[in-house]
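Visitor: Now for the letters of each chain:
There are 2 protein chains.
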Amino acid sequence: MKIKAVKGGLCAVNGVRANGVREGSKGLALIAGKERGGTAVGMFTANKIKAAPVLLTARLLEKGGGRVSAIIANSGCANCFTGAEGKRKAERMAELVASSLGVPEEEVAVASTGPIGKQLDIGLIERQLGEVAEGLTSEARGSTAAAKAIMTTDTFHKEQAVSIETDAGGRVAVGGIAKGSGMIFPHLQLSGGGRGATMLAFIYTDADLSEEVLRRSLEDAVENSFNMVVVDGDMSTNDMVLLVSTGSGEAGEAEKISEAEFRAGLDFVCKELAKQIARDGEGATKFVEVRVRGASSVEDAREVARAVVRSPLVKSAIFGGRRPDLVRGRVAAAVGSCAVAGEFGEEELSVTLKSEGREIFIEVDLGAGAGAGARAGEGKRERKGEGEATAWGCDLSYDYVRINAG
Amino acid sequence: MKIKAVKGGLCAVNGVRANGVREGSKGLALIAGKERGGTAVGMFTANKIKAAPVLLTARLLEKGGGRVSAIIANSGCANCFTGAEGKRKAERMAELVASSLGVPEEEVAVASTGPIGKQLDIGLIERQLGEVAEGLTSEARGSTAAAKAIMTTDTFHKEQAVSIETDAGGRVAVGGIAKGSGMIFPHLQLSGGGRGATMLAFIYTDADLSEEVLRRSLEDAVENSFNMVVVDGDMSTNDMVLLVSTGSGEAGEAEKISEAEFRAGLDFVCKELAKQIARDGEGATKFVEVRVRGASSVEDAREVARAVVRSPLVKSAIFGGRRPDLVRGRVAAAVGSCAVAGEFGEEELSVTLKSEGREIFIEVDLGAGAGAGARAGEGKRERKGEGEATAWGCDLSYDYVRINAG
Numbered sequence: 000m001k002i003k004a005v006k007g008g009l010c011a012v013n014g015v016r017a018n019g020v021r022e023g024s025k026g027l028a029l030i031a032g033k034e035r036g037g038t039a040v041g042m043f044t045a046n047k048i049k050a051a052p053v054l055l056t057a058r059l060l061e062k063g064g065g066r067v068s069a070i071i072a073n074s075g076c077a078n079c080f081t082g083a084e085g086k087r088k089a090e091r092m093a094e095l096v097a098s099s100l101g102v103p104e105e106e107v108a109v110a111s112t113g114p115i116g117k118q119l120d121i122g123l124i125e126r127q128l129g130e131v132a133e134g135l136t137s138e139a140r141g142s143t144a145a146a147k148a149i150m151t152t153d154t155f156h157k158e159q160a161v162s163i164e165t166d167a168g169g170r171v172a173v174g175g176i177a178k179g180s181g182m183i184f185p186h187l188q189l190s191g192g193g194r195g196a197t198m199l200a201f202i203y204t205d206a207d208l209s210e211e212v213l214r215r216s217l218e219d220a221v222e223n224s225f226n227m228v229v230v231d232g233d234m235s236t237n238d239m240v241l242l243v244s245t246g247s248g249e250a251g252e253a254e255k256i257s258e259a260e261f262r263a264g265l266d267f268v269c270k271e272l273a274k275q276i277a278r279d280g281e282g283a284t285k286f287v288e289v290r291v292r293g294a295s296s297v298e299d300a301r302e303v304a305r306a307v308v309r310s311p312l313v314k315s316a317i318f319g320g321r322r323p324d325l326v327r328g329r330v331a332a333a334v335g336s337c338a339v340a341g342e343f344g345e346e347e348l349s350v351t352l353k354s355e356g357r358e359i360f361i362e363v364d365l366g367a368g369a370g371a372g373a374r375a376g377e378g379k380r381e382r383k384g385e386g387e388a389t390a391w392g393c394d395l396s397y398d399y400v401r402i403n404a405g
Numbered sequence: 000m001k002i003k004a005v006k007g008g009l010c011a012v013n014g015v016r017a018n019g020v021r022e023g024s025k026g027l028a029l030i031a032g033k034e035r036g037g038t039a040v041g042m043f044t045a046n047k048i049k050a051a052p053v054l055l056t057a058r059l060l061e062k063g064g065g066r067v068s069a070i071i072a073n074s075g076c077a078n079c080f081t082g083a084e085g086k087r088k089a090e091r092m093a094e095l096v097a098s099s100l101g102v103p104e105e106e107v108a109v110a111s112t113g114p115i116g117k118q119l120d121i122g123l124i125e126r127q128l129g130e131v132a133e134g135l136t137s138e139a140r141g142s143t144a145a146a147k148a149i150m151t152t153d154t155f156h157k158e159q160a161v162s163i164e165t166d167a168g169g170r171v172a173v174g175g176i177a178k179g180s181g182m183i184f185p186h187l188q189l190s191g192g193g194r195g196a197t198m199l200a201f202i203y204t205d206a207d208l209s210e211e212v213l214r215r216s217l218e219d220a221v222e223n224s225f226n227m228v229v230v231d232g233d234m235s236t237n238d239m240v241l242l243v244s245t246g247s248g249e250a251g252e253a254e255k256i257s258e259a260e261f262r263a264g265l266d267f268v269c270k271e272l273a274k275q276i277a278r279d280g281e282g283a284t285k286f287v288e289v290r291v292r293g294a295s296s297v298e299d300a301r302e303v304a305r306a307v308v309r310s311p312l313v314k315s316a317i318f319g320g321r322r323p324d325l326v327r328g329r330v331a332a333a334v335g336s337c338a339v340a341g342e343f344g345e346e347e348l349s350v351t352l353k354s355e356g357r358e359i360f361i362e363v364d365l366g367a368g369a370g371a372g373a374r375a376g377e378g379k380r381e382r383k384g385e386g387e388a389t390a391w392g393c394d395l396s397y398d399y400v401r402i403n404a405g
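If you read the protein sequences in the order shown, they are chains A and B.
So that you can map any letter, position 232 of the first sequence is 231 in numbering that gives the first Met the number 0, and since no number is skipped, the others follow by simple counting.
So that you can map any letter, position 124 of the second sequence is 123 in numbering that gives the first Met the number 0, and since no number is skipped, the others follow by simple counting.
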């Protein structure tokens, strides 16, 4: 197997057309399979307060047999905390797409991102949809236009695609777009359940895989990518990741990809999109990667990694370029605040910081049993647990406050 | 019973002398009972990484039969993540006080606050101690000097005292000092266990109460006061609250106070000190109070209240004076992110915001069952649960970033 990053985003996948437009803060993206709907799975915010489009799309994937013919996503309004009117407008978005593209209404996924508590301007969406549908294209610019249309406080658009050369000689593509900058603390769960942020990601593949394979591949990929990004620790009401298999790869290739090969490609795309979100966190001047090892379990390692990358004190210190020895203390406090299994004290804890330009790498080892020496990165390490995880985030700058105070 | 706020802080309590000095960022406070040690209980950070003074004082209260003759507390260095050298220096602080005041070393409580990971300048502490011990006084200025000495990024010192006129005709005092401004997310637990921040509070009373009564009174008081303050959500390695009963009230008065009367006085002091900490949060320009009701349990109400007051998005919006309808959406998202019992959606949730000058009051009702009407604060409310809680915090300003970037 060989995985190669390729251009084209969504449109690197056979059978996918996309487009997007924007008027000021209000953007509209549309994604469509070439012909009939593809097998689809989704993961949604665990926030108990869920936006109308999240409820609609989660329901669609439950009862609809998991088929998605098109995805419509608007920016500039979350359509959340908007009551019965909001629910009707989310349904109206699906209806409009269905009649425009001639696909079943129950195969249209809807997503929204933007301020919570404002009513959607459905008239604007109707007007924008005409233009967007007309310009649907399978050229790379279609994916880029869609990625740009769903941006809110994002400063750049996010796309990633890979081409997988399978051992059996097939060639399969996985490609997607994403958005996310603030309210980033996703806890995405399969169909309905979550931790949280507004981040959206729409991923397509031309591999023809069963709903079951798509579901477990997505769950694992998201757990190690989007669910490990923290910008501010605020869980959104609108987070959504959709994975659609068009199954329209070149003839016969569907059988030629193993689950492991597909997973490798999907993991790559999800991690790259997740890191793009971290890099573009609201007000970010630095990218932060936290690697944790020596934890009793992967779950514990994840909790610790997220706690470090979430800490306002660690984030402010990184923004200010504080001396590494003083940042280490704040990292240690964040690690210690986690309710993870097993006891550890400062003797067991090793924290190392490295910076390469605007990228900061923090390594935390909960199993280093050599006191001050180990803490300074010397000494022999006695690993206590095999749990490892990596989280991504950014620093906390004046601009984060400015963006969210406005 | 009548509770009256009185001046004097710690020194409003019979038998308590205090003093403090400061050289730049390095302060030293000393508190002593008039004669022999008093019955003492303490609560400590739940952070797994505990500063050397926290470990020392927690151990003292476990094995020492719960007596404290003096408290020494320094600012400017947390003495945490400092290895064996840090442990020796914390012990040395206790030794120095013991020999200076002629009290048993195992009755000296030690506390520290300041940056993590720096070694303590024990020479400076030794020099400062001479001056501080010499100036110990039972006059109000002693309490103020001690409260000022433990300040770090605090912009004002924190003291509170009450006089309780008991139904049986006694008169008992409860008085204390506190510090706290950043790294404020305390989860204080009895002797050893915690959530987190550097906040310190030292409270004395001349009521002569058993260790058992002191312990359960403190636990309940802290749960509803210090543990409900959030500045940044970073749990400190150094949080500590000590309650010492000197038992040196006027003759016979010890028996004249009921547990309920004492609790009322202690609760008042703890809540006032906690609110002072919230008001003085790093960079704060506004004070925020969040009241939650309608939750399934008090624990759930606490979790929701803390989540709202912790949210960077809610805090930035308050700093910027964002329109209440837009802040409400962010509050709703923070509420929904909590893993509390029972399901609720936007129909059940009522969020109201009021501002009075620089004080913001947020009311959240999880049991309001009247849809949009209830959300707007009209409509009839059908309460689902009886769980209620209040949390305190502040806004997130540019100054928070500036203070912690430096």
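Incorrect hints may have been included.
What the hints assert, rightly or not - Once the Cα atoms are required to be at most 20 Å apart in a straight line, the calculated SDA-like pairs of lysine to any residue come out as: (1) 117/A <-> 352/B; (2) 86/B <-> 86/A; (3) 86/B <-> 344/A; (4) 86/A <-> 346/B; (5) 117/A <-> 322/B; (6) 117/A <-> 342/B; (7) 86/A <-> 342/B; (8) 270/B <-> 346/B; (9) 117/B <-> 344/A; (10) 285/B <-> 322/B.
To be verified - Here are the simulated distance ranges between beta carbons: (11) 138/B <-> 154/A: 53 to 61 Å; (12) 324/B <-> 210/A: 18 to 26 Å; (13) 344/B <-> 91/A: 14 to 22 Å; (14) 355/B <-> 210/A: 37 to 45 Å; (15) 342/A <-> 401/B: 19 to 27 Å; (16) 405/A <-> 168/B: 43 to 51 Å; (17) 210/A <-> 298/B: 46 to 54 Å.
Said to hold, decoys possible - If you want the ones that stay clear, here's a sample from chain A, every Cβ over 10 Å from chain B, calculated: (18) 91; (19) 155; (20) 181; (21) 329; (22) 342; (23) 395; (24) 404.
Hint data in this document are derived by calculation from the structure and do not stem from the laboratory.
We put the CB at the ideal spot given by N, CA and C, even for glycine.
Visitor: What hints, given by number in increasing order, does this structure fail?
Guide: Numbers 2, 6, 8, 12, 14, 15, 16, 17, 20, 21, 22, 23 and 24 - these are the hints that the structure violates, sorted from lowest upward.
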